[in-house]
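> Listed below, chain by chain, are the residues.
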Amino acid sequence: MDPRDLTDMQLDALGEVGSIGAGHAATALSQLLGTPVDIDVPDVRLLPVTEVPAVLGGPENLVGAVYSRLLGDLGGGLLFVLDREGLLQLSDLLRSREPGTSKSLGSAEEATVTHAAAMLISAYLAAVARLTELSALPGPEQFAFDMLGAILEGVSMQIGLKVDNAILILTRFSTAGASVDAALFFLPDPDSLDVMLGRLGII
Amino acid sequence: MSNTTGGFWADPDENTVVVATGELAVAVHPQVLVTPALGSCVGVTLWDAFTRRGGMAHIMLPSPSDTRLGGLADRFATVAVPRLAEAVTGGLPRRRLVAKLAGGSTMFGGEANITGIGMRNVDAVKQQLSLLRIPVVAEDIGGNYARTMELYLDTGLVVVRSYRYGIKEL
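Here the protein sequences line up with chains L and P, keeping their order.
Under the numbering used here, the first residue of the first sequence is numbered 107, with each subsequent residue one higher.
Under the numbering used here, the first residue of the second sequence is numbered 6, with each subsequent residue one higher.
Bear in mind the hints are in silico, worked out from the structure with no lab data behind them.
Please read all numbers here as calculations on a predicted model, not as lab measurements.
A hint or two may mislead.
As the list claims (entries may be wrong) - Anything over 12 Å on all C-beta distances counts as not near chain L; from chain P, calculated: (1) 30; (2) 34; (3) 35; (4) 97; (5) 159.
As the list claims (entries may be wrong) - For each label pair, taking beta carbons as the anchor points, the in silico distance ranges come out as: (6) P:97 with L:213: 53 to 63 Å; (7) P:140 with L:113: 54 to 64 Å; (8) P:101 with L:207: 51 to 61 Å; (9) L:207 with P:173: 25 to 35 Å; (10) L:246 with P:128: 19 to 29 Å; (11) L:213 with P:128: 29 to 39 Å; (12) P:170 with L:285: 29 to 39 Å; (13) P:132 with L:144: 49 to 59 Å; (14) P:140 with L:285: 50 to 60 Å; (15) L:203 with P:101: 53 to 63 Å; (16) P:54 with L:276: 48 to 58 Å; (17) P:56 with L:114: 48 to 58 Å; (18) L:144 with P:34: 51 to 61 Å; (19) L:202 with P:34: 49 to 59 Å.
For glycine and all other residues, C-beta sits at the position ideal for the given N, C-alpha and C.
Sequences and hints are given; from them, build the entire structure.
Below is the structure:
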């Protein structure tokens, strides 16, 4: 399907799924950390997967990414992406440290961000599953820090080159002191996207 | 997001020929061929020292039998490699051509190791080059990181850029 064919109502429904997922993830993170964390979804868009590199600064742009394969009734993958600065900031935010404390990217930062991404992904899929009455489960999360183009290519290879559209869920994590933006991409294969939109009652 | 590994993508000029994923291109000195962000894909260059002409392909899959989906024919090793050789020589004898390879990595561990698509791509490209009797004179393949590949047509120098190892010359 062509992303431009989506109506405002369909976009609203996708946005709703994103917000519910973010809300649940925020609750879970706040419980874990013992301090309130908000997650807002300022924007949800459906775009051709070929346009993703341009949105994020070109194929050679260095990004941190957490990938999870989509299992269950729906096929595809999920990819959480943020730049190096965002990665360090999110790690500080989740470890209740002053923004700017983390200067280099180590295994602690990688683990913290992977964990947060895993919660966001699970919560988002739970929202999708609940609203569509389909089973949608995340596979094991994998982390990479490298060129965006190669990461997307790696994801597309694993899910069999079938994805042509991506749902971009812009995600803003914030605590009292700081906020960090990241992008969550939901990459369903075309059949799964149709099924999902159908189940949401908006086709 | 502005942090990049630098290179031509960040600052292209009129002599830069960018080869997109699944495509191929031929150029002549003083042009420079570049393909960004090779992951499991394989970048292959062919170069003729006499004419200072060369070509580059950004290959995604071994052969058309690896997918049922439509798309660019030049993303397959079995299609792109012979077509690239033909395009560089213009149908003349290809005994002067030399090949260099980069890419074929595994961006995410775990699952990707099962399909092993990176090394399968490398093997398919080498098999095609061997059928054409084109020697592989240098390669930078495998691992779990992304590479950008550039071919300079005056000397045949290939520069591979990566976040992990910086600049490597082949």
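> A separate judgement is required for each hint: does it hold in the structure or not?
Evaluation of the provided hints:
1. No beta-carbon of chain L is positioned within 12 Å of the beta-carbon of residue 30 of chain P; the least distance is around 16 Å.
2. For residue 34 of chain P, the requirement that its beta carbon stay farther than 12 Å from each beta carbon of chain L is met, with the minimum near 24 Å.
3. Distance check on residue 35 of chain P: its Cβ is at least 23 Å (rounded) from any Cβ of chain L, clearing the 12 Å threshold; non-interface status holds.
4. With a least CB separation of 34 Å from chain L, residue 97 of chain P remains clear of the 12 Å interface cut-off, as annotated.
5. The beta carbon of residue 159 of chain P is kept farther than 12 Å from every beta carbon of chain L, the shortest such distance being approximately 24 Å.
6. Between residue 97 of chain P and residue 213 of chain L the Cβ separation comes to about 54 Å, which falls inside the hinted range of 53 to 63 Å.
7. Checking the proposed 54 to 64 Å range against residue 140 of chain P and residue 113 of chain L shows it holds: the Cβ atoms sit about 57 Å from each other.
8. A C-beta distance of roughly 57 Å is found between residue 101 of chain P and residue 207 of chain L, which places it inside the suggested range of 51 to 61 Å.
9. For residue 207 of chain L and residue 173 of chain P, the Cβ-Cβ distance of about 34 Å falls inside the hinted range of 25 to 35 Å, so the restraint holds.
10. For the hinted restraint 19 to 29 Å between residue 246 of chain L and residue 128 of chain P, the CB-CB distance of approximately 27 Å keeps it satisfied.
11. Restraint check, residue 213 of chain L to residue 128 of chain P: a C-beta distance of roughly 33 Å satisfies the suggested window 29 to 39 Å.
12. At about 34 Å, the CB distance of residue 170 of chain P to residue 285 of chain L agrees with the hint of 29 to 39 Å.
13. Between residue 132 of chain P and residue 144 of chain L the Cβ separation comes to about 54 Å, which falls inside the hinted range of 49 to 59 Å.
14. Our hint of 50 to 60 Å for residue 140 of chain P and residue 285 of chain L holds, since their Cβ atoms are close to 55 Å apart.
15. Evaluation of the 53 to 63 Å hint for residue 203 of chain L and residue 101 of chain P yields a pass: the beta carbon distance comes to about 60 Å.
16. Between residue 54 of chain P and residue 276 of chain L the CB atoms are about 50 Å apart, so this pair conforms to the stated range of 48 to 58 Å.
17. Judged by the Cβ atoms, the range 48 to 58 Å given for residue 56 of chain P and residue 114 of chain L holds: they are separated by roughly 57 Å.
18. Taken as a hint, the range 51 to 61 Å holds for the pair residue 144 of chain L and residue 34 of chain P, whose Cβ atoms sit roughly 56 Å apart.
19. As the Cβ distance of residue 202 of chain L to residue 34 of chain P is approximately 57 Å, the hint placing it in 49 to 59 Å holds.
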